[in-house]
Each structure stands twice: as C-alpha cells, then as structure tokens.
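Colleague: Chains as they are written, first to last, in my numbering: chain A, 323 to 556; chain B, 6 to 243.
I should point out that these hints are in silico values taken from the structure, not numbers from a laboratory.
The beta carbon of each residue, even a glycine, is placed where N, CA and C say it ideally should be.
Hints may be right or wrong, so weigh each one.
For each label pair, taking beta carbons as the anchor points, the in silico distance ranges come out as [claimed, not checked]: (1) SER408(A) to GLU75(B): 56 to 64 Å; (2) PRO38(B) to GLU450(A): 29 to 37 Å; (3) ASP447(A) to THR77(B): 24 to 32 Å; (4) ARG88(B) to TRP472(A): 18 to 26 Å; (5) LEU534(A) to SER80(B): 49 to 57 Å.
Partial list, computed: chain B residues near chain A (C-beta under 8 Å) [said to hold, decoys possible]: (6) HIS59; (7) ARG93; (8) ARG106; (9) ARG107.
Computed footprint of chain B on chain A; a stretch qualifies when at least three of its residues, placed anywhere within it, have a C-beta under 8 Å from a C-beta of chain B [to be verified]: (10) 453-459; (11) 462-473.
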Amino acid sequence: MPELVDALRTAIALMIGLDAELVEIVGLSLRVSLAALVLATASGLPVGAFVAIVPFPGRRAAAVVLNALMGLPPVVVGLGVYLVLSRSGPLGFLGWLFTPRAMVVAQWLLITPIVAALARQVVEDLWEEYGEQLRSLDVSPLRAIPTLLWDGRYRLVTAVLAGFGRAIAEVGAVIIVGGNIAHVTRVMTTAIALETSKGDLALAMALGILLLLLSLAVNAAAALTRELAQGAEG
Amino acid sequence: MSPGILPLRFEAVTFERRGQRLLGPLDFEIGGPGRTVVLGPNGAGKSLVLRIAHGLIEPTRGRVTWRGEEGTRRSRQAMVFERSVLLRRSAAANVDYAIARRGVPRRERRQRRALALERTGLADLAQRQARVLSAGEQQRLALARAWALEPEVLFLDEPTAALDPAATRSIEALIASLAAAGTKIIMTTHDLGQARRLADEVLFLHRGALVERAPAAAFFEDPQSEPARAFLEGKLLW
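Excised from the complex, chain A in its bound form (with noise of 0.2 Å):
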C-alpha cells in the first residue's frame, strides 16, 4: 500500500512538474489519434451517410457489416496493418512499420467503422424526417449527403468523439504496428502497458490518470454540443 501512496504521489509531481518524458508520450498520442480521427472524419461520415440513403443493392447488408466492423479487435487491425507494411508485404516499399505513420494508418482503419456506422444512424434517422421534402425540391440522395451531414453536424459529432475515445485508448494495434520504441512511437497506453510490465508505477499511473482525464473531457464535450445544438438550433 505504501508503495502505491509512493507511486501516486510520483505521478502528481510529474504531472504537476510537466515531465519531459511524460509531455512527449501525450503529445504523440495526440497526435496519432487526431490525425487519425481526421481521417476517419474524412471517409466515414460521407461512406456512412452514403449507406444510409443511396439506394444500391447490398445495402443492408453494408449497414450490418458496418456495425460488425465497430467492435473491430484492435491487434486484429494491428496484424493487418503490420502484414501490409512489413518489408515484403505490399506496401512494405514505405518503410512506414514501426513509425508514426503505421499507427495512424492503424487507428483509422480502426475507427473508420465506428464513424461511419454511427453517421449511417445520424443520417438515417435524419432521412426520415427530410426526404420527402429533399425529393420534392429535386434533391438526388446522393447530393443530400453533404446537405445531410451539415443539418446532423451537432449529432455527427458524439459519433466522431466516440471515434476519438476509441483511438485514444487502444494498445493492441499500436504496440504490434509502432513497437513501442522509446522517443519514436511510445504513446499514452503502450507505455502504461510496458511501465506496468516493469513495475514503475508513477509513470504508468500518470498516463492511466491522464488517459481517464481525457476520455472525461471528450465526453464533456460530446455532451456539452448536444446541449448547445438544442439550444441554438432548435
């Protein structure tokens, strides 16, 4: 007990004291998952929205395959990646394994899924209260799908923080694709995975602390832009 006292207390100072170390693993973490996120943005919502409203043969079994890929496991993911990337897989002539780039790669295969089967339900629904004015105005479906997603912007947001939330907190495919090679791709939970393993506890129990702060402050946010869009917008 008394080492764990010990141990927390170590945490609070590096927190407090700004570690070098620390600020470095966070800021990676950052990096990787927004970066991904942006990517998954980028290609789940309209993929999502497409599904929802496109007429195309398949499409329900897309939106269920949809919602089978959310609980993609991530060493799954991992292997994948890793596999494509080694140096005689397909697109090993990058030299992309055990960089940032692999991670990011990673988690927006991830992620993608999961912004894109929450956007087919934001839309969906949205469908049913717009479609037959958006068909009466002479709106394909298909050009409703940026009309679509900018009228669920407030709702699209849960599904992309839930896309963060899931990024920020996963080690199986980070760890098998980055490596968790110190100063070049350690983040947030490979680290805590690794500390832990060694039994260096502050440094683990201020990233586990961190971690948790952060998925706090995302819901925050999701939340506090739900409330705001009902305000505003009615």
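With chain A held as given, fit chain B onto it using these hints.
Modeller: Just chain B now, kept in the frame of chain A:
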C-alpha cells in the same frame, strides 16, 4: 417560357399498401388556373392524391400524365407540407438552397430570395435560424421557399392544420396572392371554412374515391352526393 405542364390527368390511379386499397381507381383531370381544393374527412386519401401527383409516391396501378405525357414534373412544381421541413440554417439560406438546386444563377437567386421573403413578411427575419421561428413563421418560410421556385403548380397538403387562426389567415392570404399571380393551386384541407374561403373548385374524396367534383359555389350550395352532404353538415363519416 416553355409550354405549361397542365393539365394534370389521373387515369385509373390506384394505390394499395399491403394488399389494402387506400385510393382509387381515380380518374380526373385538373386544368388551370385557379385554386382546386381536395376536400374530405381524415383518411379519405387527400394527401396520397397530392403525393402521387407530385411524384413522391408511385401509384400501384394506373398512370399520371402532365399535358399528356407520363413522368414527374417536379422541377415545375413546389409542395408545402403540413409540417414543412426547414434546414438548419438561416431563413434566407433555406430559400437559397431550394432555388440553387434548380440551377438559378447567383445574382438572380439574391433577387428572388429577397422578393419571396418580402412577400411573406419575413424580410426582417431573413438571417434568423429557420428552426427557431414560430410555427406560423416556419410555414410562411416554407411558402416563401416554394414561391421563390416560381412553380407553375403549387401543392399544399393541409398547410395550416398545425397553425393558430392568425397564422392560418396569413397563410391563406399568401395562397390567394400566389393564385392571383397565376400559380395553379392544388391543396388539401379538412377545414371546411378554409375550403369555402379558398376554393374555386372542389374535389370531394371519401374512402379513397372521388365522390363529387364541382365548382366551389355549387358544391357548398347544393352538394349532390350523400357523403358530401353529410360532411358539410358536420356529420361524417370516414
């Protein structure tokens, strides 16, 4: 201006859902100009008639023609719904969105938008978020949006059913001035008073069938069918 799209013709139009016939077979022709009111109790099929005419719903059987040709003519029409859907943007942007989809160039869009908002008394609210407007203002905005499209035929489906009397009067005045400007009005209502105030001609529907059709004055004076008489006496029937 290319030749008009009227007359609208229904030929043996039937609509069924899950094997149950909700409408038809209907045969009628509506020419211009003026205000045609599709009247009838709830569930008579009034909204279906409008949606099929506007091309939002395909009839199960039969065909709809515009000036003798099949196919929809939505680009020459507009429709105002009981609860019109407004986009989450300003009132002015809502009007602009609709006319931009019809390929109206930007300069002309600005003029048409200003005119439509002016006529509907919304000029001062142009920059207000559409979704925070009152129900009456929202419906006026829906009319402004339809007006800016300069439709040849304007469909209105129970346009004032959700409104209070004052808002209802202002919508009715707008409908009258649109008709006066040459737009063919085809609207549904279950409100007898509104039908009396607005109709030039009445199509009376009952249980999915066209029971009676007459000039408004004649219809209200001396209805020929039993259901229409009962409806006018307020003992209906559905």
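Colleague: Check, residue by residue, whether the region 462-473 of chain A contains three or more positions whose beta-carbon lies closer than 8 Å to a beta-carbon of chain B, and give the verdict.
Modeller: Result for this restraint: holds, n = 4.
Colleague: Check, residue by residue, whether the region 453-459 of chain A contains three or more positions whose beta-carbon lies closer than 8 Å to a beta-carbon of chain B, and give the verdict.
Modeller: holds (count 6)
Colleague: Is it true that SER408(A) and GLU75(B) lie within 56 to 64 Å of each other by Cβ?
Modeller: Holds, since SER408(A) and GLU75(B) (Cβ atoms, about 60 Å apart) stay within the stated range.
Colleague: Given the range 18 to 26 Å, decide if the beta-carbon distance of ARG88(B) to TRP472(A) lies inside it.
Modeller: holds (21 Å)
Colleague: At a threshold of 8 Å, is the proposed contact between HIS59(B) and chain A supported by beta-carbon distances?
Modeller: holds (6 Å)
Colleague: Are PRO38(B) and GLU450(A) spaced within 29 to 37 Å by their CB atoms?
Modeller: holds (36 Å)
Colleague: Holds or violated: 49 to 57 Å for the Cβ distance of LEU534(A) and SER80(B)?
Modeller: holds (56 Å)
Colleague: Have a go at the ARG107(B) hint: is there a Cβ in chain A nearer than 8 Å to its own Cβ?
Modeller: Because about 7 Å separates ARG107(B) from the closest Cβ in chain A, which is inside the 8 Å limit, the hint holds.
Colleague: For the hint on ARG106(B), just tell me whether its beta-carbon gets within less than 8 Å of chain A.
Modeller: Holds, because the Cβ-Cβ distance from ARG106(B) to chain A comes to roughly 6 Å (cut-off 8 Å).
Colleague: In this structure, is the beta-carbon distance linking ASP447(A) and THR77(B) contained in 24 to 32 Å?
Modeller: holds (26 Å)
Colleague: Tell me if the interface restraint on ARG93(B) is satisfied: Cβ within less than 8 Å of some Cβ in chain A.
Modeller: Cβ of ARG93(B) sits 5 Å from chain A, so the hint holds.
In terms of the numbered hints stated before, the structure departs from none.
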